[in-house]
Amino acid sequence: MDKCIACGTCAEKCPAKTTDAFNEGLAKRKAIYVPYAQAVPLKYAIDKNRCIYFQKGKCRACEKFCPTNAINFDDKEKDITLTVGSVILTAGFTPFNPDRFDNYQHAKFPNVVTSMEFERILSAGGPFGGHIHRLSDGQEPRKIAWLQCVGSRDLNRCDNEYCSSVCCMYAIKESVIAKEHLGADFEPAIFFMDMRTHGKDFEKYYERAKSQGVRFIRSRVHTITETDASGTLNLVYVTESGERVSEEFDMVVLSVGMEPAASAMEAAKTLGVELNPYHFVKTSDMTPVSTSREGIFVAGALQGPKDIPQSVVEASAAACSAGIHLASARGTLVKEKTFPAEQSVQDDAPRIGVFVCNCGINIGGIADVPAVAAYARELGNVVFTEEPLFACSQDAQEKMVEIIREQKLNRVVVAACTPRTHEPLFQETIRNAGLNAYLFEMANIRNQCTWVHSAEKEKATEKAKDLVRMAVQRANILEPIPDLSVGVNKSALIVGGGIAGMTAAISLADQGFAASIVEKSSSLGGAARDVLHTWRGENIQEHLKKLVDRVSNHPQITVFTQSEIVDASGFVGNFETRVKTGTEIHAIQHGVVIVATGGQASVTDEYLYGKHPAVTRWHDLEQNPELLTGVGSVVFIQCVGSRNDQRPYCSRICCTSSVYQAIDIKEKHPDTDVFILYRDIRTFGEREVLYKKAREKGVVFIRYSLNKKPVVTEAADGLDVRVFDPILQKELIIHADRVNLATAIEPSPNEDIAALYKLPVNAEKFFMEAHAKLRPVDFASDGLFVCGIAHYPKSIDESIAQAMAAAGRAATVLARTSIQISPLVSQVNRDLCIGCGLCTDICPFGAIIQEEVDGKGFKAKNISASCKGCGLCASSCPKKAIDMLHFRDAQILAAVCAAA
Amino acid sequence: MSNKTTVGSVLVVGGGITGMQSALDMAESGYYVYLIEESPAIGGVMAQLDKTFPTNDCSM
Amino acid sequence: MLMVQKLLKISGIGENRLHVAWVSSAEAQRFVDISTDVIASIKAQGRFDAAMFSTELAAAEETLKTEILRWMVGKEVKLLSRGDVYGRKWEKARFESILDSVLEREYHKQLILHAILAGFTSVRAISQKVGLGLKRISYLLADMEKTNMIEFRGHTDCIPVFAAL
Amino acid sequence: MKQTEPKIVAFLCNWCAYAGADLAGVSRLQHPSNMRTVRVMCSGRVDPLFVVQALKSGCDGVLVAG
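Residue numbers (my numbering), protein chains in the order written: chain A, 495 to 1394; chain B, 4 to 63; chain C, 252 to 416; chain D, 11 to 76.
Don't read these hints as lab results, they were simulated from the structure. There's no promise every hint is true.
Which residues of chain A face chain B? A few of them, derived with a C-beta cut under 7 angstroms, are [what the hints assert, rightly or not]:
{"hint": "1", "residue": "Ser-810"}
{"hint": "2", "residue": "Ala-813"}
{"hint": "3", "residue": "Ala-816"}
Here are the computed lysine to aspartate or glutamate pairs in the EDC-like style, where the Cα-Cα straight-line distance is at most 20 angstroms [as the list claims (entries may be wrong)]:
{"hint": "4", "chain 1": "C", "residue 1": "Lys-340", "chain 2": "A", "residue 2": "Asp-1335"}
{"hint": "5", "chain 1": "A", "residue 1": "Lys-763", "chain 2": "B", "residue 2": "Glu-41"}
{"hint": "6", "chain 1": "A", "residue 1": "Lys-1373", "chain 2": "C", "residue 2": "Glu-312"}
{"hint": "7", "chain 1": "A", "residue 1": "Lys-829", "chain 2": "B", "residue 2": "Glu-31"}
Using N, Cα and C, we set each Cβ at its ideal position, and we do this for glycine too.
Construct the entire structure; sequences and hints are all you get.
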């Protein structure tokens, strides 16, 4: 495997073809393959079940043609025994396979595809290069229907009664992107039961899709037939008002749900981990990533259906839990790599060595490598050239170290593949020879030359010479750059003492890091104090009490109540925050910040709230059970202040909460009539089971739409609720003794915190994470993290998971004594700087500040720890007083001038 | 959790987006990580996706 | 970069000598399409003769070094999104029209400076050299005098003569 | 006299267009060979002066891609 250079010759020569699972069977691949072009590791593997040699005993073509002898047919499977302190299960899910169910016609009709197949059809890197066409006849589709809940919310057919949580959003995404591909004429339609866009910014995406012409039809399609030989499909469905419709579509996409991966279930069973009735790994709401077995943790879709950000949150939470489990052994098995002392090159004239790699035949087969090397030898300051077969191979690397020493080289140029994959390797090599890593330069003569000009050998050679000349000219004036690191204060400051803040604090303290909690109110607990049970029925108050006790008594945790933050400064590893308690000010030094400022249910003036005593909100009924004695009917109204113009987001947890409470009322008072007036029931994931249970218990669900909201009026002996029933197509009047409102969840006031730490918030004042999918608890600036409702409305288990994730991410900073930062940073020349402040304005990372210098006014100052090296400051400075290390104006221009 | 026998390493089962994140976080916190994946490349299902909402970023 | 394209246009070098594009890390085909288009565009314009445009290039370079221009470009985002010192947010069109006029003015000043350095010291001579009207030249000369780019060196045969500083 | 083909300096962002160009290589997408890439860490690093400098030093065109 170390020898494979991913040249692809083996796959070219391999005579055995098979279906390509990565492309969902829509394309063919060879028996020796990489799953996709960007695969990591980028190494070819043999599919034993398809390989002619393994199946029939002869062929070995790949072995013959492999230029690096990287193929070893004698390799055997072997068992490896590992001793580890902890295990994290993240083996994920399998998309539901609809072939078993003939009603979907997936196996029979070519133009019925699954959503995963459609992803590959859409992908520019997919089998059709992103060109959408029908599999039956290659025609571009004009109309596509998406069918939701295939393999989800369906006990009769597929045994998966849960909601898969993600399909509504991905169907919208696919329809929007398909529309981008196919243009204005394209008509996408999504057939759904409830539209579940409960994630952050999802509702806005849904609204945008509607305005872009995606048709949403609340119905389940019951019959799919082919209308003609071309494969056009006919769908029969009944609309909400009872009308039977028959409509033609060019393609149907089945929005398939999630099932636990079979191999994952097997692994879980082998490890003795308990599964829940749906074969997901069983967890508790209070310890959302702990399995039934101590030391074994779970994250992602193996624990239950969920989207990418939630999976990433749990991944970090599981790392945090494993970190707590293994805290005493931290750092015992990891080794730091050491390098020989760096030689000084400052005073010596450049002695450049140029290594022109053949890369087997990838470069050498097209460009004239000896000619390129000979050309390089003639360039000024070049004292040595060589043409290795594979510059990256182990032996070539060792030889390079020797040559650098023997030839006393002080700059190295490698003309080969691309610095994006190989620069770190060669930098390590020259460091092994005692040179600073930044005395290295690469010329990209494979990816951007021979591979893309393979038919023009002479031109490719000319270009390679030019690229080498540019690299050499740049190398001439490269300078050594010392490592840059900053110390880390191994403690955290946590803003907010709710369940998220406390969980984050405890999770850090249990790993041995100090934490300070700053809470505005007089006691810990936050919004969780109002909630009695999680949706799985676990007791929150009991957990909260234990948590407050542990936090209050933990030697590593300091709690500041009735306190506010008045000033903050610093950067990752080195923050200073000033906290005011009464009249006293505490200056706290800390390495990271976790923002857990929480949120609360909003108040409303709709539906007689505050005007009539029988109108309550959220957990009022739960907390005051006496309000339910002798009550004949209770009406829950959902989406009060959510999903409207003022708050264009879904508050995520209200459907589950109301459904849970409705069941509770039905269980305690079976004779009470319970109604839930809703827009879409969003009991995502396994919460769907509650929805089903509520219907079984006789809770009446009536859908309303935003333009026909229910009306609550005072009646002689209670309240009258008028609502238009879309199924009966008429207005109903419900007499209610209690009306309970699920008002929108809004973030606690956070402008001050946002301003002090320069943190972005979205239009609805929720904090904005660094990346919606991949960095759901990080802020864009290093060392700052977010969790709980401050980020978006979420349930207790989700808040706990995100708090643990924030602690896990924070631990990646706090575990170190110093942080290595890329030294390719901005550098201000203070003699030229006039302190105009333009750089401070434009820096996207807050990495340049203005500092007053005695007698000289203001001057710009770099905060290297925050600098990402983008160079915007350097290219904008009116006085050209800023330069970038390793990308100095002169270094870039050296290459530019050498280009022609 | 007895101190003497605690081993400072972790096994992550599955190389999708979740497994990769867990592995990175553990490695960056000072633990040795074994990441096992049944297919020849890490990336999981997410690598198969064309783009992701709400930003329509490419999922690579 | 749009500003640079405008400058290339004003100077006669040709705005399409510079192309600007966005390509993500996964858009290989897009990169290839753009490269192919850009190469075709440059080929269609023919080889660029740097010697023929040496004055224009030098003036363009000096123009891009002027503080006012660099400063305006750097302030664009702030002026448009957060407003100026009076808290007024600028219209993009207004900002651009002002930037365009500054760009043109600074470029013309550099051309004049080059003309003076090359020995064209009277308004009329400069005008003939750089192809701008007499009034425009006089106006810009006054401006240049104020910013210490040039100075007035008295009269020769009743014609005012200027010199570079 | 030896060069008859125009040369174009391409300033490519390391994270975006440069990676896209690399991927074009991995995918063997053939295109004309006139580009000469200069890698930068961000297209914002490209000072307008670099463009003029490229033209001054004899290039026929410039591409800035982020």
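**Q.** Hints that the structure is at odds with (numbers, increasing)
**A.** none
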